[in-house]
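Line by line, the protein sequences give chains D and Z. Numbering (this note's numbering) for the first sequence: 10 to 345. Numbering (this note's numbering) for the second sequence: 10 to 345.
Check before you lean on any hint, since a few could be wrong.
From chain Z, some residues computed to sit far from chain D (all C-beta separations above 10 Å) [to be verified]:
id, residue
1, R124
2, A204
3, R301
Covered by chain Z, according to a simulated footprint, are these stretches of chain D (three or more residues, beta-carbon under 8 Å) [stated by the list, open to error]:
id, region
4, 117-124
5, 245-259
For the record, the hints were derived by calculation from the structure and aren't laboratory data. From the three backbone atoms N, C-alpha and C, an ideal C-beta is built for every residue, glycine too.
Chain by chain, the residues run as shown.
2 protein chains.
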Amino acid sequence: MTGEFGLIGRLRRLVGSAGPQSPDLLVGIGDDAALWRLGDRIIAATTDTLVDGVHFRPDITGWADLGWKALAVNLSDLAAVGAVPRFALVTLGLPPATGPNPIELLYRGLLELARASGTVLAGGDIVRSPVLTVTVGLFGEVGVPPGADWRAHVLLRSAARPGELVAVTGTLGAAAGGLRLLLADPSGAEGRAPALVRAYRRPQPRLEAAPVLVGAGVRAAIDVSDGLVADLGHICEESGVGAEIEAERVPVHPEAARIFGPEALTLALTGGEDYELVFTGPEAAIARAADRSPVPVTVIGRTTEGPPGRVRVVGPGGKELTLTRAGWDHLAPEGP
Amino acid sequence: MTGEFGLIGRLRRLVGSAGPQSPDLLVGIGDDAALWRLGDRIIAATTDTLVDGVHFRPDITGWADLGWKALAVNLSDLAAVGAVPRFALVTLGLPPATGPNPIELLYRGLLELARASGTVLAGGDIVRSPVLTVTVGLFGEVGVPPGADWRAHVLLRSAARPGELVAVTGTLGAAAGGLRLLLADPSGAEGRAPALVRAYRRPQPRLEAAPVLVGAGVRAAIDVSDGLVADLGHICEESGVGAEIEAERVPVHPEAARIFGPEALTLALTGGEDYELVFTGPEAAIARAADRSPVPVTVIGRTTEGPPGRVRVVGPGGKELTLTRAGWDHLAPEGP
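Isolated chain D, as found in the complex:
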């Protein structure tokens, strides 16, 4: 097994050589969402699955939180391409012993975020499964004025250029910190660090920030699901650039810093599940984005000529930090 990203590269080549192509497919495998042209409109589509024991543990994530989260991770993918959500299909894989009440709770959590984000629940599927799974397929739309170039109205992993600033919305490390506390003390974690636990259980996709970034002239973005370094790495791979992050500029969540001390920086760099947006752009675009964004924007580094795909994290003295784990790869043997 070569890990998720090695396998995806292999399948991508296979699809490119053996699969049918279409001029209407604007963006396919390799970004946060697929973009498809339909007449004078552009659809964005994405899907993500949460699996019991892999992406959540029922003793830590309640049913309603699980429903919220299953939709949130998909909304975050749409935010990462600059799309507005329209409708969702939900597929539940249910162990035979599952009663109707937990499922209704799951739906209530999901519908709460659906209302908040204007996402209509349009259908789905329920199947028997030995393990609980929740899959959401989400469809949105990219607003492109008639006659305009669609590329100027989306955020892509492949649009970064060398010499741009790297910035991030909000703060990082809260969700990973919340998870760590919940694993250590499921009943006491919330009292000790409510903001961290909430960040883990009820992530807030950056749907309001995304169009502001687009309007400010930002073209390259991804959401932080696997971890800041890993996800910025995806931008670098798809864009053929390198990047350098200054560790001391990374906006660590204050509650994570209070509880975890210096280790909070590791959570912020590699913890994942923050669902913030990390993006790159020319200085003027980033300045406009920071000025207009409804959530704080922090510049954390720069893109470089290379090596392509490589993200360096440098400490206070300019010395490169070594990270034991660059992010969450679902198929890597060392994954949790």
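Since chain D is already given, all that's left is putting chain Z on it; use the hints.
Then chain Z, alone, in the frame of chain D:
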């Protein structure tokens, strides 16, 4: 547990009361695919999941067949609403021990049908899972001429009226017969009944027949996935009508009849996985459909005033047949 359809009804009420609504959602939960208006176009979206041990067994369904089938069941849902496929997202849930070669085989099977059906593979997700799952999200389009009423250009479960003819494409019972032979003798089944085994492993969604039905004036249809009686029952529930099937008119697959004798009728009525279309319409519409369809169309009965949701199967003497199992309900305790 009230079974899949009881639970779906409950969730549907919850979504109707607590979820956001939109005038652009033309058809939501309760049909084979969701229909969404986007400007002057209509998108159709559907999703289906195959789970190891529930929907397939790896010793019986090879990897390439599994890929084919995962796309086929979704294409069949699009055919059942009269839509043309455009692009698909594929989510694999992979046990840690899965090597890259089987996954590539799976993709090759899927891409084979993607090419044959003009479906572009646009992305997806790969996650770790203790059990192998394949989820496809599929997007298509319904062709509605400018200014025309969209209802006259789709097939819906809810559009049947009393006193219509009930008809079906192709033949029934082949896939269930193939599965039965494969379970009894995995290595010998193909030699004994190649057409049945192929029907089970490589179902052919009725994408070419669907637009012909629409053009002929048919408005109500569903695909036969759970079994003829169960699926016609879904049309009856959504349309508030009853139906009567004449057992001797049901087009049993000839190879199933040869091997299973009189029991082949039970396979045809309740076996499922045929992925034919069962539909209803006025006599003239059904006659036109039969005349123009690229696959044989057989009239098998009539819709009635009621009782709503009830399907009766009558034998040669007009006597009602009792069926032990009306079809496949993934959540029913007696499911395989």
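(message) Hint compliance check: list the failing hint numbers for this structure, sorted ascending.
(response) Hint check: 1 and 5 fail, others pass.
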